[in-house]
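Trainee: Heads up: the sequence lines are chains A and B, in that order. Residue numbers for the first sequence follow this note's numbering, so the first one is 1 and each next one is one higher. Residue numbers for the second sequence follow this note's numbering, so the first one is 1 and each next one is one higher.
Hint data in this document are derived by calculation from the structure and do not stem from the laboratory. Note that the structure is a prediction, hence the values are computed from the model and not measured. Take these hints with a grain of salt, some might be off.
[Unchecked claim] Distance ranges between label pairs, derived from CB positions: (1) GLU152(B) with PRO131(A): 24 to 32 Å; (2) ALA215(B) with PRO292(A): 51 to 59 Å; (3) GLU152(B) with THR258(A): 25 to 33 Å; (4) PRO216(A) with THR123(B): 49 to 57 Å; (5) VAL201(A) with SER239(B): 47 to 55 Å; (6) ASP291(A) with ARG23(B): 32 to 40 Å; (7) GLY173(B) with ARG68(A): 32 to 40 Å; (8) GLU199(A) with ARG23(B): 40 to 48 Å.
Backbone N, C-alpha and C define an ideal beta-carbon position, used for all residues, glycine too.
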Amino acid sequence: MSRLTSLSDAARLINDGDHVALSGFSIARNAMALAHELVRRDVRGLTISACILGLEADLLVGAGCVGRVIYGGGSLDRFGQLGRVNEAVERGRIEVEYMSSLAVTFRYLAGSLGLPYIPIRSLLASDLVAPLVAAGVAREDRDPFGGEQVVLLRALEPDAAILHAQVADADGNTRVLGPRWDNDEAVAAAKRVIVLAEEVVEPIEIRRSPELTLVPAFRVTALVHVPFGAHPTAVYRRYDYDAEHLALYADATRSQRTFDEYLARYVRGTDHAGYLAAIGGAAKLATLTADPGLGY
Amino acid sequence: MTTTIESFTTSELMVVAGARELRDGELAFVGLGIPQLAAALAQRTHAPRLVVLNEIGLADPHPVAFGVGNADPRHWYGASFMGSFNDVMGKLLHRGLVDVGFLGALEVDAHGNANATQVPRVTGGIRRFGGGGGANDIASLARSTILIVRHERRKLVERLTHLTNPGFLDGPGARERGGLRGGGPRRVLTDKCVFGVDESTARLVVHSIHPGVTADDLREATGFALDVPKHVATTEPPSAEEIRLIREVIDPERRYTKSL
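Using the sequences and the hints, build the whole thing.
Mentor: Have a look at this one:
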């Protein structure tokens with residue numbers, strides 16, 4: 001059964017108010033093409049989550065799609081800060097569940113196992129705990145067997161997880177190459193899974209090396225074939241991040257006015273092909289192709 | 001090897017001082033910049049079996065180019081293991097197997113607690129940065145930490161804006177009472193000195209002062225009450241070989257070691 005669909009149809013699987021677990025980590029493997037589509041559809045009131053937020057999160061927050069963020073941190077690495085996320089948090093414009101990145105991952109892990117909560121040994125005695133307790137998602141307690149102090153964290157079960165991957169077959173069997181940060185747990189915890197794949201291969205290729213499959217097809221709701229769908233972030237063994245465009249975005253996200261200009265120029269009123277043309281087209285993309293030996 | 005060199009930058013001295021704090025065979029998280037260079041230097045001198053972890057989900061990389069952060073594939077090159085955040089931060093760190101985390105901070109207090117979250121704006125309100133990420137997990141659970149912070153009054157503070165990463169909390173025994181399994185800070189490295197920890201008070205004490213810095217300079221630049229002992233060691237300057245490794249092998253483009 002093919003789960004291949006278009007970006008716009010995949011974006012319709014995300015409803016206003018949904019909790020969406022994002023794909024990227026800072027400047028790596030962000031599902032930019034779907035984030036762009038969600039902005040074009042003017043989705044509202046999303047809860048977004050990730051152990052480390054990346055560019056896609058900043059774009060969604062800046063475009064007004066987000067009402068709540070669950071995260072441990074996030075930046076554009078040395079290119080700069082997530083200006084729209086930080087400003088929204090500073091001004092109290094969005095609700096925040098800020099914790100350690102392992103806490104986010106553990107909460108997905110609990111969700112992926114169908115557990116209601118999970119204990120963690122970090123967070124204790126820090127200023128991170130009280131707001132989480134107040135929000136009703138954490139509780140300080142003791143191990144009922146050994147008596148040691150732990151923090152109990154409520155499980156996360158996102159309505160949808162978005163995963164940008166290198167390879168999938170049309171059924172939706174999906175491979176991720178390189179480090180996977182919190183993708184494993186986020187995808188397994190989610191009710192619906194939307195995969196963006198750089199390359200769609202024949203099913204026989206997946207079945208030749210099934211141990212490389214991260215997400216089996218029956219857990220995938222929709223699959224979109226989107227070459228360069230993570231641009232300007234890096235996709236290991238496919239293409240490098242686009243340093244020029246990241247620097248441009250890092251500048252744009254410093255203020256809402258320049259961010260809005262960025263959206264108008266690159267995101268709104270166009271589609272993925274239009275976006276790729278606007279950032280420099282095939283000539284630019286060719287310069288980003290990864291060296292197979294290096295992976296970037 | 002023991003020949004000292006007359007001319008070196010403060011950041012080169014910090015790389016060398018940091019490297020000397022890392023031990024052979026340790027499993028370590030190291031932050032971007034000076035901690036990362038310190039690990040690279042340690043691996044090429046006294047600690048060839050030092051293993052670096054990246055929370056993004058990999059172990060023991062051997063990069064051949066500088067990247068911009070944990071998410072840059074340049075910092076993944078040559079790894080022996082790639083997996084998930086949970087593989088590294090859960091199954092190694094939370095499991096209690098990580099020896100040391102070498103972490104930056106926005107603010108550090110006299111008990112080695114650190115803020116990695118936000119600072120007040122001069123104009124009122126707060127200013128957020130990239131967030132702590134896994135730093136609270138590392139500060140809570142690693143067997144020890146080394147902190148690195150710029151030596152300024154607004155950064156070495158009496159009271160933190162946000163206690164993101166626990167050090168020794170409010171004094172001896174507080175970590176244990178709070179349920180923290182990791183050992184807390186063993187050193188705090190600045191551009192003026194190296195702090196150690198007084199076990200009886202769980203407060204930072206000057207371990208060595210960098211060449212050319214005076215006790216008055218230290219007191220002036222420190223926002224918490226600081227006793228500088230009369231006889232305190234000078235941070236050992238880099239050897240000629242350490243300088244050669246930094247300039248020719250580890251940071252030939254002088255990204256992090258040019259000035260300061």
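Trainee: Take the hints in turn and mark each one as holding or not.
Mentor: Here's how the hints hold up against the structure:
1. One distance hint, 24 to 32 Å for the beta-carbon pair GLU152(B) and PRO131(A), holds here, with the actual separation near 28 Å.
2. At about 56 Å, the beta-carbon gap between ALA215(B) and PRO292(A) stays in the expected band of 51 to 59 Å.
3. Between GLU152(B) and THR258(A) the beta carbon distance is about 30 Å. The supplied range of 25 to 33 Å therefore holds.
4. Separated by about 52 Å at the C-beta atoms, PRO216(A) and THR123(B) satisfy the suggested range of 49 to 57 Å.
5. A hinted range of 47 to 55 Å holds for the C-beta pair VAL201(A) and SER239(B), which are about 54 Å apart.
6. A hinted range of 32 to 40 Å holds for the C-beta pair ASP291(A) and ARG23(B), which are about 35 Å apart.
7. The hint said 32 to 40 Å for the Cβ distance between GLY173(B) and ARG68(A), and at roughly 38 Å that hint holds.
8. Separated by about 44 Å at the C-beta atoms, GLU199(A) and ARG23(B) satisfy the suggested range of 40 to 48 Å.
In summary, this structure violates none of the numbered hints.
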